[in-house]
Amino acid sequence: MSALIICEDIWKIYRVGDVEVQALRGLNLAIRQGEFIAIMGSSGSGKSTLMNILGCLDQPTKGQYRLNGIDVGHLPPDRLAEIRNQQIGFVFQSFNLIPRTSALENAQLPLFYRGLSLKEQRFLASAALQRVGLGGREHHSPTQLSGGQQQRVAIARALVTSPSLLLADEPTGNLDTQSSQEIMEILEELNREGITVILVTHEADIAAYASREIVIKDGQILSDRMTKGRSQVVEA
Amino acid sequence: MPTFVWLTVMTALRVLGRNRLRAGLTLLGIVIGVGAVIAMVSIGEGAKQAVQKQIATMGTNVIMVWPAATSVGGVRGAQGGAVTLTVADAVDLKKKIPLLSDTAWMKRDILQVVNGHRNGNSPVNGVSPSYLSIRDWTFSKGGSFTQADMDSAALVALLGQSVVDELFDPGEEPLGAIIRIRNVPLRVIGVLSPKGQSTYGQDQDDVVFIPFTTAERKVFGTPFLGSVGGLYAATDQAEDMPEAVELIREVMRSRHRLQTDQPDDFTIRTQVELGKVQEDTSQTLTVMLMAIASVSLLVGGIGIMNILLVSVTERTREIGVRMAVGAKRAHILIQFLIEAMTLSVVGGCIGILLGVLSARLTTVIAGWPTIISGDTVATAFGFSIAVGLFFGLYPANKAARLNPIDALRYE
Ligand SMILES: Nc1ncnc2c1ncn2[C@@H]1O[C@H](COP(=O)(O)OP(=O)(O)OP(=O)(O)O)[C@@H](O)[C@H]1O
Ligand SMILES: [Mg+2]
Chain Y
1 MSALIICEDI
11 WKIYRVGDVE
21 VQALRGLNLA
31 IRQGEFIAIM
41 GSSGSGKSTL
51 MNILGCLDQP
61 TKGQYRLNGI
71 DVGHLPPDRL
81 AEIRNQQIGF
91 VFQSFNLIPR
101 TSALENAQLP
111 LFYRGLSLKE
121 QRFLASAALQ
131 RVGLGGREHH
141 SPTQLSGGQQ
151 QRVAIARALV
161 TSPSLLLADE
171 PTGNLDTQSS
181 QEIMEILEEL
191 NREGITVILV
201 THEADIAAYA
211 SREIVIKDGQ
221 ILSDRMTKGR
231 SQVVEA
Chain R
1 MPTFVWLTVM
11 TALRVLGRNR
21 LRAGLTLLGI
31 VIGVGAVIAM
41 VSIGEGAKQA
51 VQKQIATMGT
61 NVIMVWPAAT
71 SVGGVRGAQG
81 GAVTLTVADA
91 VDLKKKIPLL
101 SDTAWMKRDI
111 LQVVNGHRNG
121 NSPVNGVSPS
131 YLSIRDWTFS
141 KGGSFTQADM
151 DSAALVALLG
161 QSVVDELFDP
171 GEEPLGAIIR
181 IRNVPLRVIG
191 VLSPKGQSTY
201 GQDQDDVVFI
211 PFTTAERKVF
221 GTPFLGSVGG
231 LYAATDQAED
241 MPEAVELIRE
251 VMRSRHRLQT
261 DQPDDFTIRT
271 QVELGKVQED
281 TSQTLTVMLM
291 AIASVSLLVG
301 GIGIMNILLV
311 SVTERTREIG
321 VRMAVGAKRA
331 HILIQFLIEA
341 MTLSVVGGCI
351 GILLGVLSAR
361 LTTVIAGWPT
371 IISGDTVATA
381 FGFSIAVGLF
391 FGLYPANKAA
401 RLNPIDALRY
411 E
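Residue numbers (this note's numbering), protein chains in the order written: chain Y, 1 to 236; chain R, 1 to 411.
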């Protein structure tokens, strides 16, 4: 099993005026291909900061982050965009769908930036929507969908490029229990198919879907343990 | 890339369609700017062409020689001036300057023209037969007089259309009729095709032509035979004109025995120079138009920039999402540039339509000639694209430089 993610002594320091906020303080982390990880920790502990770095949306102030063997810490913005487009899928707490744009077009977005033909974009995006159980809702706009459905569109958008890594920062934070379970079942299935899933959550029953639980406190890893999970980690 | 551009244009149109009122108000500047330019250029071009047509009615490649101190429009005043030009000058010019295809001479007076109980005052021109061909007069009825008529000082006349209209009843045949000028009976042998107004607003068709000899011996009663009001010469080729003008000046100066320090006692004009006055006027008009165009396009451009800045701010999160899923800076830049250009092009097209419409209306209502050239429309279109590009650049660049996380967090 290969290491997908290697973080070595990652620091993230924000400067707001004269105040220095150390959001991550010398964090070390290794994640293998195919893992299902839940990151937990109190508010302000640095979970989102870590996710942003893992997702190549942000870069560490200090330390080295390797994704698939590439040191992404010092890549130019356009190269990072390429990596996000090809290897990473994001699911946000607030869905972040493009308003007044159909589910299909939202799911097409990453392929659009990949430069695929419209036909290919539509074909792959509608397959992704099928997969999250939204077949037939292609032409609904976000306002015409429930929160759970919107999050499923967001998942479809994340998986349409067949990424190796799916990052979900509190994906169920805005959803009721029923919808949360549905979303988690989808993530679980994607993981079973080989996608590495990292999710941030505050809820134990959501974290229970994962096979490894990492707790962060003050920008450092407090505990990192394998849990039984609801399913077995697929050996790749 | 083509798929990307095409889809981006579709997205841009949809975004604009969503905020129709806002887009419409933004477009207003461009619409008015482009519309005004199209309308005014069409009117200006129309006027210019009308003037050029009028200048062409003077005949092609014509060189005019008048006694000195006679203004451009003052042919009529020539008979009061010093007698400095003669038939002999004209004949000699033709003989000495092979470049000249022909020369002609004329003498003019305003006299009462009578047909039966009807009469009116018209310019009566005594001319050599060559005058009519040099000045491009053609006939709607009958024909010109001949060299024989000239030699015998025949009592014949050619009438302009306005004179015919004034002296003859509708349906009355002017050809063969006998008119009287200073009680000299003259037989009408030709009616001239109308030329319309001159550049100075004179009715060129209010004119009577009689043989020069008839004029000086029988009608005008000139004390000094052979004096003329003006000389005319023509060249076959337009490019020979400047050389011909210089040769005429030399011959005239030597014929008039002028010392090198003496000024010319004659004035030489070509219709090219007459046209220049008009060109200067239209140049002024063009400069004014450019000023109006620049100001309205500037205002329109600033409008576009403003609305785009608002749009970038409103859609910061969307930009963040796009970046998160893999949009590069160039993608975001192009997206907003295309939105800007879509705005300006839509505005430009509406402006072009409006401009063409108002030009047409001007023709229909005011009767002014207008010309809508493809060049004008293409230029206006090009300018609207350029305005969108130029004023879209700043907001688009601002969007492209956003940091993905800050954009995603934006509330
Ligand atoms: N852009 C920023 N500028 C300054 N400080 C920041 C910025 N982003 C995060 N921080 C700080 O870094 C620390 C970690 O923030 P982070 O968002 O990672 O917390 P979190 O674990 O995701 O919390 P929550 O569970 O509430 O989402 C916090 O103290 C926060 O105030
Ligand atoms: Mg967070």
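Hints should not be assumed to be uniformly reliable.
30 angstroms max Cα-Cα, derived DSSO-like pairs, lysine-lysine [claimed, not checked]:
id, chain 1, residue 1, chain 2, residue 2
1, R, 398, Y, 62
2, Y, 62, R, 328
3, R, 141, Y, 119
4, R, 398, R, 328
Treat the hints as calculated values from the structure; they're not laboratory data.
Now the hints, each set against the structure:
Between residue 398 of chain R and residue 62 of chain Y the alpha-carbon distance is near 28 angstroms, which keeps this suggested pair within the 30 angstroms criterion. At most 30 angstroms may separate the alpha-carbon atoms for a hinted pair to count; residue 62 of chain Y and residue 328 of chain R meet this at roughly 25 angstroms. With a C-alpha separation of about 74 angstroms, the suggested pairing of residue 141 of chain R with residue 119 of chain Y is violated against the 30 angstroms cut-off. A hinted pair counts as satisfied when its Cα atoms are at most 30 angstroms apart, and residue 398 of chain R with residue 328 of chain R qualifies at roughly 14 angstroms.
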